[in-house]
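Q: Residue numbers (the numbering used here), protein chains in the order written: chain S, 1 to 116; chain W, 1 to 331.
No wet-lab data here; the hints were simulated from the structure.
Be aware that a few hints might be false.
Sample of chain W residues facing chain S (criterion: CB under 8 Å; computed from the structure) [as the list claims (entries may be wrong)]:
no.	residue
1	E62
2	P266
3	A285
Where chain S lies over chain W, by a calculated footprint (3+ residues, C-beta under 8 Å) [what the hints assert, rightly or not]:
no.	segment
4	97 to 103
5	168 to 176
6	291 to 300
Predicted, not measured: the structure shown is a model, and the values here were computed from it.
The C-beta atom is built at its ideal place from N, Cα and C for all residues, glycine as well.
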Amino acid sequence: MRVDMTSVSDGFPDKTSKDSSDGREGTVRVPDHVVYRSFPGETVALNLNTGRYHGLNPVAGRMIEALSETGSIEKAAALLATEYDQSEERIGGDLRRLCADLAERGLIEMLAHRDA
Amino acid sequence: MTPEAPTAARGVRSNAFGIELVSETELIGLPRTPNPPGGVATAIEVDESNPLGDDLAAEGEEVRFVHDLEGRKTLSVRFREDRGYLLTLPGIGSYRVRPDGLAVTCIPAPGAPAWKWQRALVNQVLPLTATLRGFEVLHAGAVAIEGHAVALVGHPGAGKSSTTLNLLLGGAGFFTDDALALKQVDGRLMGYPGAAVSNFPRTERELMEPGAPERLGVTIADEEEYRSLLAVEREPAPLPLGAMYFLRRGRDVAGATFEPLEDPDPTMLLGSTYVLSVRSPERLANQLGVCAAIANQTPVFDLLIPNSVTARESAGALMAHATSMLAQKRS
Numbered sequence: 001m002r003v004d005m006t007s008v009s010d011g012f013p014d015k016t017s018k019d020s021s022d023g024r025e026g027t028v029r030v031p032d033h034v035v036y037r038s039f040p041g042e043t044v045a046l047n048l049n050t051g052r053y054h055g056l057n058p059v060a061g062r063m064i065e066a067l068s069e070t071g072s073i074e075k076a077a078a079l080l081a082t083e084y085d086q087s088e089e090r091i092g093g094d095l096r097r098l099c100a101d102l103a104e105r106g107l108i109e110m111l112a113h114r115d116a
Numbered sequence: 001m002t003p004e005a006p007t008a009a010r011g012v013r014s015n016a017f018g019i020e021l022v023s024e025t026e027l028i029g030l031p032r033t034p035n036p037p038g039g040v041a042t043a044i045e046v047d048e049s050n051p052l053g054d055d056l057a058a059e060g061e062e063v064r065f066v067h068d069l070e071g072r073k074t075l076s077v078r079f080r081e082d083r084g085y086l087l088t089l090p091g092i093g094s095y096r097v098r099p100d101g102l103a104v105t106c107i108p109a110p111g112a113p114a115w116k117w118q119r120a121l122v123n124q125v126l127p128l129t130a131t132l133r134g135f136e137v138l139h140a141g142a143v144a145i146e147g148h149a150v151a152l153v154g155h156p157g158a159g160k161s162s163t164t165l166n167l168l169l170g171g172a173g174f175f176t177d178d179a180l181a182l183k184q185v186d187g188r189l190m191g192y193p194g195a196a197v198s199n200f201p202r203t204e205r206e207l208m209e210p211g212a213p214e215r216l217g218v219t220i221a222d223e224e225e226y227r228s229l230l231a232v233e234r235e236p237a238p239l240p241l242g243a244m245y246f247l248r249r250g251r252d253v254a255g256a257t258f259e260p261l262e263d264p265d266p267t268m269l270l271g272s273t274y275v276l277s278v279r280s281p282e283r284l285a286n287q288l289g290v291c292a293a294i295a296n297q298t299p300v301f302d303l304l305i306p307n308s309v310t311a312r313e314s315a316g317a318l319m320a321h322a323t324s325m326l327a328q329k330r331s
């Protein structure tokens with residue numbers, strides 16, 4: 001499974017946000033200033049704060065949908081493992097890499113799990 | 001300084017690009033709406049007593065400009081968050097548009113003919129105003145075929161205007177000349193008629209058989225070597241967007257050839273939008289949403305036209321293609 005993200009149109013210089021989590025565990029949310037729209041061949045993420053567009057291939061687009069639906073990497077991995085007939089471990093690894101990349105671009109927010 | 005509230009609450013009611021309009025007098029391309037619906041109208045006012053001063057021209061940030069080949073500025077758009085947009089077309093006029101798109105003030109340049117500053121109003125200012133009011137506007141001509149709006153997109157020289165004119169002569173309805181307003185309504189992408197004017201290339205006029213231009217509309221003005229401005233009868237109501245054709249010239253093909261774009265490039269669609277100067281978060285989100293809706297709902301085609309094919313021939317091929325496809329959709 002290949003996850004690919006490229007900038008599809010240069011708007012204004014992007015301000016990458018600093019992510020405080022290490023991306024290994026936790027909940028995920030799409031911030032209010034980011035919209036995702038599905039096209040037949042890709043999903044486009046738009047950061048409304050910067051006016052910058054980012055293209056995601058269909059697999060990465062589906063991952064974003066699953067993350068938005070479930071709100072967590074673990075739950076999204078379980079959902080996608082069934083869909084793609086892959087192990088949760090493998091899907092989880094892809095999701096964590098994607099999340100780290102998206103978080104660096106300010107396209108998702110990651111909140112690390114806290115022990116009770 | 002807070003923008004003034006619209007004052008032309010009463011007057012001539014018209015519409016274009018999806019927005020209701022009210023003006024003190026009837027303007028070119030904006031015929032009176034017989035039974036205007038209720039709702040909020042954008043007020044158009046004309047201020048001929050106030051030629052543009054330096055202070056006005058200098059306000060705000062210039063967010064867009066266009067130069068001609070000699071390097072002269074032909075369009076400038078300035079923006080200030082509290083006052084909105086100021087469009088200036090040297091020698092033609094300046095136009096203030098309130099940030100919410102509910103008021104437009106036209107300031108004709110001294111000596112500018114009425115048709116010139118009114119043409120700029122409908123070609124440049126109202127598409128921007130429609131964008132501020134929640135529509136997304138494509139840089140596309142459009143005709144009505146089988147109860148649908150059919151959009152034609154193309155770079156200058158691709159034959160968009162001449163193909164459109166020949167489609168009209170072939171029985172299509174006039175929908176819009178160069179800017180197509182779109183909005184998603186209940187999940188469906190609707191097109192809205194533009195102004196009732198067409199910028200008619202003079203070269204095309206010379207190629208037409210005698211009497212054909214008169215069948216299209218009434219000449220309002222002739223611009224020396226380039227084009228005529230025609231008043232035309234337009235479709236009266238919004239129509240669902242039925243198809244979109246990207247016209248491309250000069251490819252090595254035998255005749256007019258249609259290639260379906262199953263997976264339209266988002267950048268191509270985003271690059272086909274008309275208004276470049278409005279970059280509010282609301283607009284950017286709407287722009288992306290409408291482009292995604294086009295890609296997901298609307299048949300999109302490349303129409304490849306070799307240089308040997310005339311506009312009349314390519315229009316005939318397009319008419320047959322669109323009619324066949326949309327007639328099936330209707331049934």
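Q: Can you list which hints this structure breaks, lowest number first?
A: 1, 4 and 5
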